[in-house]
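Based on the sequences and whatever the hints tell you, model everything.
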Amino acid sequence: LAKTTQPISMDSYEGQEVNITCSHNNIATNDYITWYQQFPSQGPRFIIQGYKTKVTNEVASLFIPADRKSSTLSLPRVSLSDTAVYYCLVGDMGNTGFQKLVFGTGTRLLVSP
Amino acid sequence: GAGVSQSPSNKVTEKGKDVELRCDPISGHTALYWYRQSLGQGLEFLIYFQGNSAPDKSGLPSDRFSAERTGGSVSTLTIQRTQQEDSAVYLCASSPRQGYGYTFGSGTRLTVV
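Heads up: the sequence lines are chains X and H, in that order. So the first sequence is numbered by our numbering: it starts at 1 and just counts up by one. So the second sequence is numbered by our numbering: it starts at 1001 and just counts up by one.
By construction, these hints were calculated from the structure, which means they are not laboratory data. Any given hint could be a false lead.
Within a straight-line C-alpha distance of at most 25 angstroms, the following computed DMTMM-like cross-link-like pairs (lysine to aspartate or glutamate) qualify [to be verified]:
hint, chain 1, residue 1, chain 2, residue 2
1, H, K1057, X, D31
2, X, K69, H, E1044
3, X, K3, H, D1018
4, X, K3, H, E1044
5, H, K1057, H, D1018
6, H, K1011, H, E1085
Given below as structure tokens:
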């Protein structure tokens, strides 16, 4: 299972763009990159998933360079409600058999007024 | 149902007692996962079900922990002779197929006193 490394914490202010980078040097060919968001007292919530280049949805963008050894979650114009822990995970989409998602300690994002 | 439902949401038990935690996955989701999250920590994988079978039980901390799933739906995580170190939030997730699109429940907060 590919291991991920991400900053323990980040601080930002309302209205700013936040970029959280995750390293996954041992990512395998079949692995996808997935980001989850977790608020206190709640289970993690899926944000975005990608394999290469760029993926964008209504919540965030995910940038993946050609070598796929890292990825960057970009949150545009954050608000106080974006204060949460963000987890980067890599894993097989499941076509080759059982796969469990391994959560690291995540990045604790604090957005201030 | 519309989401993953876990019960109870909170459980306080005395050391040495047995507890059962329940997870109702999203209807039709074949894969079901149990994770544990201690205060301020990341998620620790416990066990995974594909249908009613558990291909990977490697994450169960000890033989006091067991889990079952019946009818490809509801799962129960049982902790026997609870210890204080078992105190944590136990999270359940389901997905339509292994490795894809986890949806988490809100968890059961277990406190062993």
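Take the C-alpha atoms of K1011(H) and E1085(H), compute the straight-line distance between them, and say whether it is at most 25 angstroms. The given pair, whose Cα atoms are some 14 angstroms apart, holds under the 25 angstroms limit.
Starting from K3(X), check that the Cα of E1044(H) is at most 25 angstroms away, please. holds (14 angstroms)
Holds or violated: K69(X) and E1044(H), Cα atoms, limit 25 angstroms. holds (24 angstroms)
When you check the alpha-carbon spacing of K3(X) and D1018(H), does it fall within 25 angstroms? violated (34 angstroms)
K1057(H) and D1018(H) were given as a pair; does the straight-line alpha-carbon distance stay at or below 25 angstroms? Given that 25 angstroms is the threshold and the Cα spacing comes to 20 angstroms, the pair holds.
Within a Cα-Cα threshold of 25 angstroms, do K1057(H) and D31(X) meet the stated pairing? holds (22 angstroms)
Hint check: a violation occurs at hint 3 only; the rest are consistent with the structure.
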